[in-house]
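**Student:** This is what each chain is made of:
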Amino acid sequence: MTFEQIIFYFFSTILISGALGVVLVRNPVYAALFLILSFFTSSAIWLMLEAEFLGITLVLVYVGAVMVLFLFVIMMLDINMDPLREGFVKMMPLAALVAIIIAAEIVLVMASPSFNFDQSVVHAADYSNTKAIGNILYTEYVYPFEIAAVILVVAIIAAIALTLRRRKGVKHQNPSKQIRTKRNDRVRLVKMPSSSTQNRAGE
Amino acid sequence: MLEAYLPILVFLGVGFVLATVLLVLGLLLGPNRSYPEKDSPFECGFAAFEDSRIKFDVRYYLVAILFIIFDLEIAFLFPWAIVLDKIGVFGLVSMGIFLGILILGFIYEWKKGALEWE
Numbered sequence: 001m002t003f004e005q006i007i008f009y010f011f012s013t014i015l016i017s018g019a020l021g022v023v024l025v026r027n028p029v030y031a032a033l034f035l036i037l038s039f040f041t042s043s044a045i046w047l048m049l050e051a052e053f054l055g056i057t058l059v060l061v062y063v064g065a066v067m068v069l070f071l072f073v074i075m076m077l078d079i080n081m082d083p084l085r086e087g088f089v090k091m092m093p094l095a096a097l098v099a100i101i102i103a104a105e106i107v108l109v110m111a112s113p114s115f116n117f118d119q120s121v122v123h124a125a126d127y128s129n130t131k132a133i134g135n136i137l138y139t140e141y142v143y144p145f146e147i148a149a150v151i152l153v154v155a156i157i158a159a160i161a162l163t164l165r166r167r168k169g170v171k172h173q174n175p176s177k178q179i180r181t182k183r184n185d186r187v188r189l190v191k192m193p194s195s196s197t198q199n200r201a202g203e
Numbered sequence: 001m002l003e004a005y006l007p008i009l010v011f012l013g014v015g016f017v018l019a020t021v022l023l024v025l026g027l028l029l030g031p032n033r034s035y036p037e038k039d040s041p042f043e044c045g046f047a048a049f050e051d052s053r054i055k056f057d058v059r060y061y062l063v064a065i066l067f068i069i070f071d072l073e074i075a076f077l078f079p080w081a082i083v084l085d086k087i088g089v090f091g092l093v094s095m096g097i098f099l100g101i102l103i104l105g106f107i108y109e110w111k112k113g114a115l116e117w118e
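Those protein sequence lines, which keep their order, are chains D and W. Numbering (the numbering used here) for the first sequence: 1 to 203. Numbering (the numbering used here) for the second sequence: 1 to 118.
Bound conformation, chain D alone (with noise of 0.2 Å):
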């Protein structure tokens, strides 16, 4: 076993304690922690792969931003989860139904040709997967470049419709307009008659 074997190992096994931790502890908060520590060990091993840019890419938009919204969202359920584990024993066949086609989908994808995994691909020196992306991302799929960015858009707009709320009855200052205040708005001088014929109407 050659060390890049042993290292390749060592990650995959954390890696694969981190997505079993995910489905097993009961609080969601520790879950998502367990899915972070799975995102930066499989960073790790496409960093061995030498794609780094995907390996720092996955820590930056999946740890640093995905998962301050999974966080978000567990935050938003209720976190009494209790109910939710009423119907466990009901929902087990459709569960174990959608578990065997992932597993089927994925014994497929991995027995088709294209995933070779007798050869190892090695690559020269002033090798660069930053660059190789780039070379075929903007030019050869620049179509599929082009749709990312309208289901971007998308997301945009659909995340704004869904929870874009106006407030009613919210106070706010207004800075500018407080500033140009004169004194005659605020400070209203009331003609008053005399005291002496004001304490004479009063006998």
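Wrong hints could be hidden among the right ones.
[To be verified] A short, non-exhaustive set of chain W residues, derived as facing chain D with CB atoms under 10 Å:
id, residue
1, Leu2
2, Tyr5
3, Asp57
4, Val58
5, Ile74
6, Phe76
7, Pro79
8, Lys86
9, Ile87
10, Gly91
11, Val93
12, Leu99
Calculated from the structure, these hints are not laboratory results. Values in this document were obtained by computation on a predicted structure and should not be read as measured data. All C-beta atoms in this analysis are idealised placements derived from N, C-alpha and C, irrespective of residue type, glycine included.
Based on the hints, put chain W in the right spot on chain D.
**Tutor:** Just chain W, lined up with the frame of chain D:
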């Protein structure tokens, strides 16, 4: 290929050792006079009012999702920038269209007031 990561391993090792040494030193040398009140959780001097697992406002979610979208947009710029001299005008135009579509989305969210915090 793995030799390139040796400095990172050294960095991790130094960081780990330094953190351990500092924690252990603090534990050994610092005074430790604890009593139950000192160790109990507190909230600005009061007993804790409620559980910290309260529901968040959905507007945090909106800010986070808008952040992710533009985070991804920036991520697409990195490989593009280092091969720009090879992919030429075609690459420039394809990135221009990409950014143009996303700027439309940006204008939409700006005008819609999604970036305002009431």
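**Student:** Next step is simple, just say for each hint if it's right about the structure.
**Tutor:** Now for the hints, and whether the structure bears them out:
Because the beta carbon of W:Leu2 sits about 6 Å from the nearest beta carbon in chain D, less than 10 Å, this interface hint is met. Look at W:Tyr5: its Cβ gets to within about 8 Å of chain D, closer than 10 Å, so that hint holds up. Given hint, W:Asp57 at the interface with chain D, holds; its Cβ is 9 Å from that chain's nearest Cβ, closer than 10 Å. Nearest Cβ of chain D to the Cβ of W:Val58: about 5 Å, under the 10 Å cut. The hint holds.
At its closest, the beta carbon of W:Ile74 sits 9 Å from a beta carbon of chain D; the interface hint therefore holds under the 10 Å criterion. At about 8 Å, the closest approach between the beta carbon of W:Phe76 and any beta carbon in chain D falls short of 10 Å, and the interface hint on this residue holds. For the restraint placing W:Pro79 at the interface with chain D, the shortest Cβ-Cβ distance is roughly 3 Å, inside the 10 Å limit, so the hint holds. A least Cβ separation of about 6 Å between W:Lys86 and chain D falls short of the 10 Å threshold, and the interface hint therefore holds.
Nearest Cβ of chain D to the Cβ of W:Ile87: about 5 Å, under the 10 Å cut. The hint holds. With 10 Å as the threshold, the beta carbon of W:Gly91 comes within range of chain D, its nearest partner Cβ sitting at about 4 Å, so the hint holds. Because the smallest distance between the Cβ of W:Val93 and any Cβ of chain D comes to about 9 Å, under 10 Å, the interface hint for this residue holds. Checking W:Leu99 against chain D by beta carbon gives a least distance of about 8 Å; that is within 10 Å, so the hint holds.
Of the numbered hints stated above, none is contradicted by the structure.
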